[in-house]
Each structure stands twice: as C-alpha cells, then as structure tokens.
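S.K.: Protein chains in written order, with my numbering: chain A, 1 to 494; chain B, 1 to 657.
Here are the simulated SDA-like pairs of lysine to any residue, each with C-alpha atoms no more than 25 Å apart in a straight line: (1) K413/A <-> L206/B; (2) K615/B <-> I173/A; (3) K303/A <-> E583/B; (4) K611/B <-> S172/A.
FYI, nobody ran anything at the bench for these hints, they're computed from the structure.
Computed from a prediction, not measured in an experiment: that's the story for all the values here.
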Amino acid sequence: MDQLFLIKFLIPLLWAIGFIFAPKQNERAIKLFALIGATVVLAYSAKMFLDLPNPGALTELFKFEMPLFFNMTYTFAMDGLSGLLLILNSFLLLVVVVTTWEIKTEKLRLYYFLLFTLTWAVNGSLLATSLYGFYIFWEAMLIPLFILVGVFGGENRRYASFKFFMMTAAGSILMLASMCYMSALAYKLNGSYDLNYEVIKSLNLRYSGFWSPQSLIFWAFSIAFFLKVPVFPFHSWLPDAHVEAPTAGSILLAGILLKLGIYGFLRFVIPFYPQAVDAYRDIVLYLGAIGVIYGALTAWVQKDIKKLVAFSSISHMGYIIMGVFSQNPFAVKGAIFQMVAHGISTPGLFIGVHYLYTRRHTKKMDQFGGLAKVMPRFAVLFFLITAGSMAVPMTCGFVGEFMITAGVYELNKVVAILAATGIILSPVYLLKMYHLTALGEITHEENKSLEDLSLLEATPMIVLSVLTILLGLYPKLVTAMYEGTINFFTHSGL
Amino acid sequence: MYENYLALIPFFPLLAFLLNSVLVKNKLNNVQAGLITFMGLFTSFILVILLSLHVQESGPVHVKLWDWMEYKNIVFDIHFVMDQLSVILCLMVTGIGSAIAFFSIGYMDHEEKVGKFFAFFALFAFSMLLLVLGENFLVLFMGWEGVGLSSYLLIGFWYEHKKNGDAAKKAFLANRVGDFGVVLGMIGYALVFKTLSFRDLQHPDLAIIAANKELLIGSSLLLVLGVTGKSAQIPLFIWLPDAMMGPTPVSALMHAATMVTAGIFLLCRVSNIIVHFSVVLDVIAWIGALTSLLAALIAITQTDIKKILAYSTVSQLGYMVMACGLGAFSTGLFHVFTHAFFKALLFLCAASVIYGCHHEQNIFKMGGLKKKMPVTFWTFVVGFLAIAGIPGFSGFFSKDEILSMAFSNPGNGIFLYVVGLISALITAFYMTRMLVLVFIVEPSHDVHDSHEHHVKEHDEHNSHEIHESPSVMTIPLVILALCSFAAGYVGMPHLFGGHEYSRLFQSFVEKFTPAATGHHHVSEETEIVMMVVTTVLILCSMGLAYYIYVKNDKVKMRDRLKEKFLSLWIISNELFKVDELYETVIYKPLYKVGHFLVDIVEALVINGAVKGVTKAVDGSGKFLEETKPEKLEMGILYIVIGATIIVTLIFSEFTFR
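If we strip away everything but chain A, and leave its shape as in the complex, we get (with noise of 0.2 Å):
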C-alpha cells in the first residue's frame, strides 16, 4: 500500500482546480503552469510505475472502505499494462500541451481544466480494480470530452457531441446492468455488493449457451467496449467526433480514450468469462478484419483529412482488437504494442493536421498541395509519422501489425489473410493523403506563402518521430514493460 498514493493519483485533479483559481488575464502564466503541471503528471506516472515491484502482477497502491455504503470498497491497483497505459496517457497531455499552445481562445482556464481532469479520469479507470471505481470513471472521462468538444469543437458540435456521449453512454448501461446483476449474486455468495477484483473472479458465472448469464454479461460488457474501441459496426459516432472536435480532442480520443476500451476488455472481460470469449471469439475476429478493410476503404474516399485519420482509426483498431481476442500470447502482445504504436502515429497526424488547419482553417485536402515546397520540415516529419501508420518495418506501426497478423494467422487463416490486406490497402489512404497535401505542385496562391513549422511547433512531431524509429528498431522498450501481464489477458486455455 501506498501512503502517497492518493497525492500522485489527485494531482492532476488538483492541477485542474488550480485553473480555476487562476488569474484570468495571464494568459502566458496559464499556459506555463499547464506545462510544468503536464510534466509534472507525466514524472509521477513514470515514478509510478518504476516504483512497482513486479510489473507482471497486480499490485496493490490503495483501498479505499466506505463501511456506511453497502460496505462498498474502492481498490487502484496497478500492473504493467496500465502502468504502461497511464504513461502514455500522460505523455499526451503533455504533447497537447505543447501542441495547442499557441491556441487562441477566451476560455483557456476552461480548456486546460478540461484536459487535467480528463486526463486524471483516464488515470482513474486505468488504475481502478473494482468494477464500481472503474465504471465511476468511466463514465467521468465522458463529461470532460463532451465539453471540450461541445465548446471548443467546430460548426456541427453539438450534434457531435451529444452522439458521442449518448452512443457511449448507451454502452455503459448495459454494463452498469449486469454489474447490477453481478453485484446481486455477490451479495447472495459474500454478503456484500462490492465487486472487487478478487469477488469477480469468484462469481464464476454459468455458461450454458448464448442465454446464459455469462454470455449475456459478456455481450453487455463486449458492447460498451465496442462501441468504445470502436469496433465495425459500432463507430458510427467517431468520425463525426473527430471531425468536430477540437485537436486537444482528437489527439486524446483517438491516442489514449479509444484504447480504454480495449484496457476494458483485458482488464474486465477476458479473464473473467473465458467460455464465453472462447464461443464468440470468430465473430470479434471477423468483426476485427471487416473493420480494418472497412476503415480502410472508407478512409480512402474522403475528402476531409480528418475524416480520413479517423476511418484509419477504425483501420487500426480492427487490428487491436483481433488481437486481443484471438487469445494468443504473440498476438495479444503485439495489440497491446499497437495500442502504443497508435497512440503515437495518430496524435502525430492530427498534429500535422492541427498545423495545417492553424495556417488555412481548412481539413479539405484539395486545399492544399505542394506544401513540401514550402513547409519541408512540416512535410519530413508528416512523412515519417505517416510511415509509421502505414506499418513500414523499422517503424512502430509494423511491429504490432506483424505480430498480431502472426499470432491470428496461427488460429484462423482466413481472418489473417483478410486482415493482412490492410498492408496494401494502409499506403493507399495514407499515401493519397500525403501525395494531395504535400507533394505536387501548389495549386493555391495562399499556399504560397505560408510558414514552416517553428522550433516549438516541430517538437511534438519530432519527439513522435523519435518514437516511432526507435520503437520500431527496439520494440522490447515497451514490451518488457508489460510482458509478465500476458498469461493473465490470455486467459482462455491457449
């Protein structure tokens, strides 16, 4: 147990209230104290997570006893994956941070109070081991984004961000349901509602075909997941989200906010009901492949840049979520090491996205053009991290790609075969892409002239550039963080 545990874990919270509290004038002073509160997040996570003393395992940081409430506990506990989670995530912060800094806006204590306390909402459902605290913050990350993109999103916000939080919300219930249920039969074994980490395991639910509980509380929970991930076809809500959303938005939701659910999944449901991801594990399989052609096609048509990033989104996390539930060690080690290698290659483009709408307030690519003439440090870096999406080897893009295409080519072919056409068909949005933004010739007079990126706005792409070779040379930088974890997310017998 950690007496310092709720310190580290409420200092984003803190950070957060400390906006409120600032002098609305000071805009510079604002932003600095952001930045030294981001880096400061971004230590503790670190130190966090040095501090276990077995990443393979669960480790206990605190309990929180709330007798007088049904006898209610609150555990957070920590392991490799979540450590590893709550760095990345930290990380982002800090990338926003820098990233939006030149931002504009009349809000801005409201902006940065938004992105602390969504930041220490993810930090809360990734360290959260009892249902209950996890479906608490669950459901809080919801609030912050939904402002942020209610208030700082672009023309069609509302419609949005009201289809964002409703669709997830919807989700919730479902889980919040057989929560309800689950908790009633631990009261009936245990004596208690509380569901914690060790009580679910205990529960041991039924399995008899699909209208058994533990298949029904699987699809409860799988539900909310998918439409978290998204996985195809529950994503109806993300590409309109990230259209909207403002770049803070778009970086968090797509590098650290959609990986929750696949955490949800891993954390909450493979170990818990194993037949059940046993029966209806070629369904997500195949839900995971249609979605990478799905995402792939779909994000080869638009004209939004945006759009485009966040159907490769949809792209990407088919992948993952093959992974994960083909229940082999070497895949699911590599979709938890495609979690990170997303989470750096799509903030990477929504950066370069986020300059390019800075300099022409457009996402419309026929806009632009030629842009490597005139931006070429802009066009190097976007080159790079577009690599990395599109899975070029020595990059951290293919490692997790290859390594889930292995471990499901093992179980089921056919899955493998169709999934693995998202090599062919990732250069194609993704060249097409780059090819009407940077190269060519500039068609637009306004182009002419525009700005290369400064010193400042280049260093989020460079750091993530850095990441990307360096990850892709030596991927057991981040794998060794979480190795010890895999036997207990490939739980199922294989």
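Please build the complex by placing chain B on the supplied structure of chain A, with the hints as guidance.
M.R.: Same frame as chain A, now just chain B:
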C-alpha cells in the same frame, strides 16, 4: 574482428544518410554531399571485399546485434550474416553503388536539393544491405520494405510534377501487394519450421516438409507474389517502367542493378524449401518466361530511351526468375550478377546521353551521337553486346546457361526454351534499334510525335551543342564496361573452362542453394550446336533491326513498319497498357466500393441504425409524455412492470442456478 566489419557494412551508408539528411544538411555543396554518400558506399565496399575473402576461405560470418522479439522458441533478432549469397549481392550493391554514386556527382551537378538526393541514395544502399545481410526473414523484410520506401522517395524525387508522385505511389503500392505475400509467406514458414533463420531454413527437415505440404506450398506461392512485386514480374511488373520518372542514376542502381534483383535473392534464400515443390517451381518458371517475352515485346515500340531499358530489365529479370523456376538457382544468380554490370552500364550511358542531349529522352529525336559522345558510345556498345548475348561478353555466358538449363529440363522445359530464345532474339532486335537510332543514324529534326506524350519536350534545347559528359561520369562508364565484358568469365561452361575454371561462380553459390538436378545430360556437341544456332539467330535479328532502321528514312519508315507489321505493332502498344487494365478492373471499382460504403452503408445502415434507435427512444418518450396528463400512474405502472420483469429474471436465475 570480422564480426565488427560485418556490422559496419550497413553502418557506413546509414551514416552517410544521417549526415546528408540531418546532421550537416544545407552546409554542403553538391559535390561534398555526393562525396559523403560515395565514401560511405566505398568504405563498405572495401569491407565487403575483405569479408568476401574471409568467407571464401572459412565460411559464413555472423553478427547478432540485438533481440527484436521472441515467440515461443522463435527468436526474431537483428542478425547479419555474410555467406555465399550475401557476398555476391553485397559486392554488387556497394561496388556498383559506389560507381553510380560517383557518376551521380557529375549527373546531379546542376540540380537543386542534391543533398536530399544523396541522402535517399544512401538510405537505399542501407536498406539493400539490410536485405541481403539479414540472417532471418525479419531483417530481410525490413530491408525489403526499406528499399521499397527509398525507391518511392527517389522516384518521387521531383515531386512537384504530379505524374512523378503518381509513379512513386504506384511503385510503392505494387511493392506493397508483394509485401502482403511476403508477410504471410514468412509467417507460414515461421509456423511450420519454428524458425525464421536462413541458416536453419537451408537444411530443412524433410519430415516437416512432407507433413506440412499444403501450408508450405501456399506460403511459397505467397512469397512468389512478393517476388513478382519486387522483381517486376507478371502480374506486378507495371511499376518498373513508371519508376523511370526518378533521376536516371537511380534507375541504374535500383531499377536495374540491385533492388529488382531482391526477388531472385529471396528465391535463392528459400531455394532449399521450394525445390521440393514442383508446382511452385513450375509457376515460377512460367511467370519468368512469360514476363521475359511480354516485356521484350513491349520494348520494341517504346520510344523513350529509359523505358526501353526498363522493359529490357523486366525481360531480363524474367530470365532470372525462369532460371530459378528450373531449379537452377545458381544460374539465375549468375545472370543477376552479369546483368547488374551491363544494365547499370547501359543505364548510365543513357543517363550520359540524356545529360548530353539536355534531358531529351526520345530516341527518335537523338542520333549521330557516335562522334559527339565517343566514350559513351563505345561503352554502350560493350553493354549492348553483353545484353544481346554475343559470345565473349558476360551476358552470353549467363543467358546461354539459362537456355541450356531450359533445354535440358524434362517436362515442359522445351517450351520454356523456345520462349526464352524468342525473347532473346527480340532483345537483340530492340537493343540494335536503340543503338542505331541513338548513336549511328543522323538526327532528323522534323519528327513530330503524336502519341508519345509521356516524353519530356525540351525543343528549345536542341539548338545547344551536344557534348561528351565530364570524366566524373565517363570513368564509371569505363569501369562498368570492363566489368560487363569480364564478369562472365567467372561462370564459364565446362565447354570452355574445363573442370578447373568452369562454373566457379555457380559452385560458390551452390554451397547455399541446391544444385540443379533432374536435368538431361546434354552432350558437348549439342551444346556447341545450340550456341552457334543461338548466336546466328541473334546476329540475324540484329541485322534485321539494322536493315530496318538504317536503310530507311526515319519518318517514312515508321509508317511503313506500321503497315507491314500492323498486328505486331498493335499488340506491342496494347500490352503496354496493362496498368490501365488494372486501373479499370481493380483500382477504380475498389474506389467505388469505398464510395458505396461511405454513401450507402455508413450513411444509411450504420448511422441509420443509430438514428432508428434514437427515434424509438424518442417515440416511447413521446408516448409517455402524451399519456402523462391523463394517466400518470400508467407510466409508473410501465416502469414497475419493466423493473419487476428484470428483477424476476435476475432472481429466478439465482434460484435455478
């Protein structure tokens, strides 16, 4: 010590890349940038020579850098090996690469962004070295895609023109289709053999092969798909002619001498496995033979000097692939070796011509360069004689051995022989045509092209003086010409070399690849007769081309030829449009599918479902709202009923549990 040398071989080009791209860019002039890349390659070349002597004496050298990933017992490591196969390719990449880098210093003299060019050049060399030095499939694949990527960058070097960008994209996509095959094939092999190391795959367990026959055949065919992508075979050869959009030295290096041979290299790497499957071998042989014929046919009517050479490359690659399909991997690699010299030479001569003619690429607008560019002319003649297969020059030895392998192959070898012979004759024909039109016939200025719109028009330059290239360009030409002449003597047939000096190259390679087996024995008399017949036929073909293109006035001749050989002309011109076929049959329909998915599925079905649910919720809300004034309790009743049902379900579950 040798291990360190080995690790340093790819390092120097990488260093050159980093220097030119990041560390000292913008601070160098064009010559310095070029020298960095040249030195990087040349240093590696010296190391390769040192290592090759060592390998010949005491076998392969290994160096393992770090573990990349592991799965069960399979270790994926970053591991280099210098063995009998990689020695040859390394010598080619670094040796010919240095010559071309040196040449480029002159060729790129007046260009902008030369630092970028030499950075990409070095990156390419680095990737190619990864490919050939990789001890396992993973490192090979890193290099494999690396060369695809760097070739994409170099083809699109002048990215301002949209068609260059499109050509680059096309090359990358065609290569990616192949990579799809390589990834799956590689995974298939890994699952069967539990290893990806070539050392282990060199001596595969026959019992394992027999037990996993189907999976292995499938995986091997997938690898062949990769070969067709990288080595520009049917059905994926369409990218190579378009790849000529890049700077010409690049075409010499990648699209002729090194990158495109990666496919043959891959076949040699897995030769000890695929040799067990006659189906796979047949597929390979026929792909090679047909590609060789098809590309030769297309080359006849091309007018762009680089495209002719590009199609001739495709055709020659077909030869190599056919040799592999005949089980004669060492012979295929021998042709890779000789071809690398003479094709690099021919391309550099073309570059020199283009440089001298101020970026004119249409052979009908050239002519009479024999006197104006003597060095280029005579070196070109050497390359020409080599590719045509005139005895004594390198191409003769390798081509002849492939043909005799086909001839002596049981089964349908004789058909392959005929196809191979025909494409050899056509090769002699179109190469003569090119030689004559570019160097010998006097130029005629009143040529009006109607259909070759893909050729750069630079009419204003014609008034400039055409001159011989500077010596920085001609020195590499002379060196390559010497090699093009001499390279064949390391692999002479028994007929000439006796037992001591014959097939040195092949027996060296056969320490890794299986030796060709199952061929009829061909007596020496037959062999001599075949050689003579082939040579005579080739001379006839050259004579025919000479007669047509020298004795006839250029302008009228084309019309007359069209009349006489109308059908052949049409075929040749239409075959050229295979890529348009792909575009209409695959690319555009797929794009339409994308549109269908977005406009119909996404908009109506997926969003429709969401809207439907929303409407349903909305409707039930309205219903309750409407009933509220009269019977509030009704609403409550519904809720209670619903809750009761749920609770009952939950608790009945417990009771019957």
